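Residue numbers (our numbering), protein chains in the order written: chain P, 1 to 503; chain F, 1 to 178.
No wet-lab data here; the hints were simulated from the structure.
Hints should not be assumed to be uniformly reliable.
Stated by the list, open to error - Covered stretches of chain F, as calculated for chain P (at least 3 residues, CB under 8 Å): (1) 28-40; (2) 52-62; (3) 76-89; (4) 136-150.
Just so we're clear, the structure is a prediction, and the values are computed from it rather than from any experiment.
Even glycine gets a Cβ: it sits at the ideal position worked out from N, Cα and C.
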Amino acid sequence: MDAFSELLNGFAVALTPMNLLWCLVGTTLGTAIGVLPGLGPALTIALLLPITFKVESTAAFILFAGIYYGAMYGGSTTSILLNTPGESATIVTALEGNKMARNGRAGAALATAAIGSFVAGTIGTLGITFLAPVVVDWALRFGPADYFSLMVFAFVTVSAVLGSSAVRGLATLFFGIWLGLIGVDLQTGQARFTFGLAELLDGINVIVVAVGLFAVGETLYVASRYRLGKDEIVPLSGSLWMTAEEWRRSWKPWLRGAAIGFPIGAMPAGGAEIPTFLSYYVERKLSAKPQEFGKGAIEGVAGPEAANNASAAGVLVPMLTLGLPTSATAAIMLSAFQSYGINPGPLLLQSQPQLVWGLIASLFIGNVMLLVLNLPLIAIWVKLLQIPAPLLYAGILVFATIGTYGITQSPVDLILLYLIGGAGYLMRRYDFPVAPVIIGMILGPLAEQNFRQAMTISAGDWTVFFTRPLSATILALAALALFGPKLYQLAVRPKPDHVPGDA
Amino acid sequence: MTMTGGSAEDPNARSRPAIGEAIIGAGVLALAIVTFWQSLSIPVSPIYAKVGPTVVPLMTAAALGLLGILLLIDAWQGGWQTEEEKAVTPDRAALLWVVAGLVLNVALIGSAGFTIASTILFVCVARGFGSNNTLRDALIGAAFALIAYFGFVTTLGINIGSGFVESAIEGLIGLEGG
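Same shape as in the complex, but just chain P (with noise of 0.2 Å):
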């Protein structure tokens, strides 16, 4: 019950008026960058990361949840109607939804999704309430030993699990993890690879690089393959009133998808593709009408939609209880936290109650502020879909350019914009995974801090990760993610390619 009554005083802290105004912003921009094509939350955040000067912290990550959160609701809306998804993580909702869109069943689609989306997003977040001091007793005994190979498991699994190839996976990583070293290195004040340039001494900004690879990378991309094909925009169509026989069919993989979206979120593994992936495969296995997967059945948009939202959830677990980041989003996030000079672990429910339980209240709150802005107000962010790519694009580079340009006024912080955006081109049309280069130069500093100091306590003796059980457990686990993955490729297929603003 202790949970409970901190979620009550949560509810105190987020429904001042001015927080619940914050939610109101968060999750109505989150719900138009999740609607628009090449715009998401981890570019979206990133650009909003200098309010972190101007605003106290308890706003800045409501605004931030509602945006996280939002972008997943806003997503479905694109794949449904435009069949382009506009987050990695609602391709499968396109796969049934778009076609139900094109038999006049758009209505359904966009109010399952919605609806389930809300489901799993409430269950998610309950289990965030609940398995957060859990996570947090547990996560107290660990050593630097034990951090730094739990933070070795994560890189494991976000670069070489969840893409469509190890070693591209780990490519990436490695380039985030050098992004992360340039600069001067806090512990003996040596600068490292800075070639001589006085603006590289207090390292890369990361909102340079989320910009260049999400936003500069992305539009070289569309605009290199844009006058190839024309996406075609379903128009609303059937009621947005599920009738009795929808519901029937939704309820179910609504709950199942946030039984499978959640754990898999929380796992520090992360990443929302696979539990949609997987959802959808139990769905179409246990559909009383598996010839309508592929034609548009209603539960292959319920069950992705519902474990989409509910391994975002999941994913808030290690990153606000164990400060590992396991979504470029929460990569992000976890840098605003570091600009707040608060360290996410097992220490901040204790030291900073207000701010984290005000987050989670929030997010309760988000969520049914989402359905409203998602349901009853669909056609608003449909009129977002018809602005013209031309004017889309363009507007995004003058906003990134902001964005960067903002930070330090340095031409310099520019040109690495623009060379981060062309590696990200080469990224995207290279089929390498954009997220582990984000989660690297975030988390491999924090790597190397604890690598360190677990070296410093042992004496220098390098067996202390395979002595110490718990970090020999965890070091099993990624060498089993690392060569696991061959068996897996070989049960789910197919794999999707890239998609725009992948969170």
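Please arrange chain F on chain P, whose structure you already have, making use of the hints.
Frame of chain P, contents of chain F only:
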């Protein structure tokens, strides 16, 4: 940036070395070598000799080197690009417009100010995406840039590259531009 991936016109390209992928693999390997060389140039104080500032950089260099080699092997065996991606020849004209916009933006943002540089960027990108209505794009771009500029100045207190356009408007409406 306008690299073509492998040989798209050859149906048997799978079994032949893929040029685009090979260049990327070589790039990763080159990064590993630079990282190795730069790591060795970091001075290590004897106090931190156990795990000094070069340990993780050297591990990173080793990992990048190994991955670069694995990527080169993949490229040699025909590359990894999907058939679908291989079949697409990047639209170089579009890429050139976007890149031109970015280059002009960097070149002009210091001297001409944010609004002018952004408007040029906006027009170039829109052009790259096939818009032919330059005047309309310029007006929308300028309006967008001005709103963004004053949004940033007033809400975040961040001054982003003001030039004479911004100063003139600030003077006109009597706003203290930070």
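Checked hints:
no., hint, in the structure
1, 28-40, "holds (count 5)"
2, 52-62, "holds (count 6)"
3, 76-89, "holds (count 6)"
4, 136-150, "holds (count 7)"
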